[in-house]
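S.K.: Starting from the known structure of chain P, fit chain D onto it as the hints suggest.
2 protein chains.
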Amino acid sequence: MKFGIAIFPSKSVQDEANSYRKRYDPHYSLIPPHITLKTPFEAEEELIKELSTELRYIAKDTKPFTVYINKVSSFAPVTNTIYFKVEPIQSLIDLNSHMHEGIFPAQGKHSFVPHITIAQNLTDDEFSDVFSSLRMKKIQFQDKVDRFHLLYQLENGSWTVYDSFVLGN
Amino acid sequence: MKFGIAIFPSKSVQDEANSYRKRYDPHYSLIPPHITLKTPFEAEEELIKELSTELRYIAKDTKPFTVYINKVSSFAPVTNTIYFKVEPIQSLIDLNSHMHEGIFPAQGKHSFVPHITIAQNLTDDEFSDVFSSLRMKKIQFQDKVDRFHLLYQLENGSWTVYDSFVLGN
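Residue numbers (this note's numbering), protein chains in the order written: chain P, 1 to 169; chain D, 170 to 338.
Keep in mind that a hint or two might mislead.
[Stated by the list, open to error] Once the Cα atoms are required to be at most 30 Å apart in a straight line, the calculated DSSO-like pairs of lysine-lysine come out as:
#, chain 1, residue 1, chain 2, residue 2
1, P, Lys60, D, Lys232
2, D, Lys171, P, Lys138
3, D, Lys218, P, Lys85
4, P, Lys11, D, Lys229
5, D, Lys171, P, Lys137
6, P, Lys60, D, Lys180
[What the hints assert, rightly or not] What the simulated footprint calls covered on chain P by chain D, stretch by stretch (three residues with Cβ under 8 Å from a Cβ of chain D suffice, anywhere in the stretch; the number is not a length):
#, stretch
7, 2-14
8, 87-93
Calculated directly from the structure, the hints in this document are not laboratory data.
Glycine included, C-beta positions come from ideal geometry on N, C-alpha and C.
Chain P extracted, bound-state conformation:
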């Protein structure tokens, strides 16, 4: 089964992200707007309880924190993904690194760039148009994070939440 770990930002940030995703992100209907903490990984279904227990410890050891979103950025030229950049504060970095240790698959050595995707899989021409318009937008959010979620993927590509982990709890 395929699992992933993510933070859902507040409703207002999700609504704002969706106003762009609706047009520019083919994953719009598969999962709500999110900050990925751990990219999708394969694990046996039976492992899920063990992963949950481990995530419970990680959540308990993490105080709620605030994230800052101040601009629209992109992964170009690597991919044509456009996103709300989330300032990479230490709490996010620590969560991400704990989820790549111990029983969790390490998943290569990608550097962690916290973000909320608002556009992806664009052609080069679409990307130029959309990014030049979106990068001018005044985006400013500060958002309290007090939980994250473990999700699994269904056959149609959509994601269902398995469990929620409240920070400092």
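M.R.: Structure of chain D alone, referenced to chain P:
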């Protein structure tokens, strides 16, 4: 803000339900297949922590249980909704009734019919066609339920999980 409370059945039941929802349910992309425990209700965003605390108690007092799904049924002639009928065992009935007491809005006197919607908003002709074919399907699942989820609705109509409540925990 609009909230709802639901159980997500196992991945295999969700995949099976989605194979019909994809064609026949306009809510297909708004929420994964689910058993509604409490239909959408309006509540102040600030109330959410209080609701969570209360739901934590309800979950703690409920042992994990098994649900049985043995046939496709419909709400016709009231609505053209078609669903997997979930046998109304006492644990489900108790969960539902606890969620209509105390700080939770009572929401009228609808009787509780546990189900997983697979088709809705069909025209009368579509309904006749689809239901006469689906009611012949051999559907048989028994599914362990060990948690439920509190969700809120975004502006686009989709649902995000706020918190998960593990039974007997």
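S.K.: For every hint, state whether the structure bears it out.
M.R.: Hints, verified against the model:
1. Lys60/P x Lys232/D: holds (24 Å)
2. Lys171/D x Lys138/P: Given pair lysine 171/D, lysine 138/P holds - Cα atoms ~28 Å apart, limit 30 Å.
3. Lys218/D x Lys85/P: Status holds; Cα separation ~28 Å.
4. Lys11/P x Lys229/D: holds (28 Å)
5. Lys171/D x Lys137/P: This hinted pair holds, its Cα atoms lying about 29 Å apart.
6. Lys60/P x Lys180/D: Distance of about 28 Å is within 30 Å: holds.
7. 2-14: With 3 residues in contact (Cβ-Cβ under 8 Å with chain D), the coverage given for the stretch 2-14 of chain P holds.
8. 87-93: Check failed, 0 qualifying residues.
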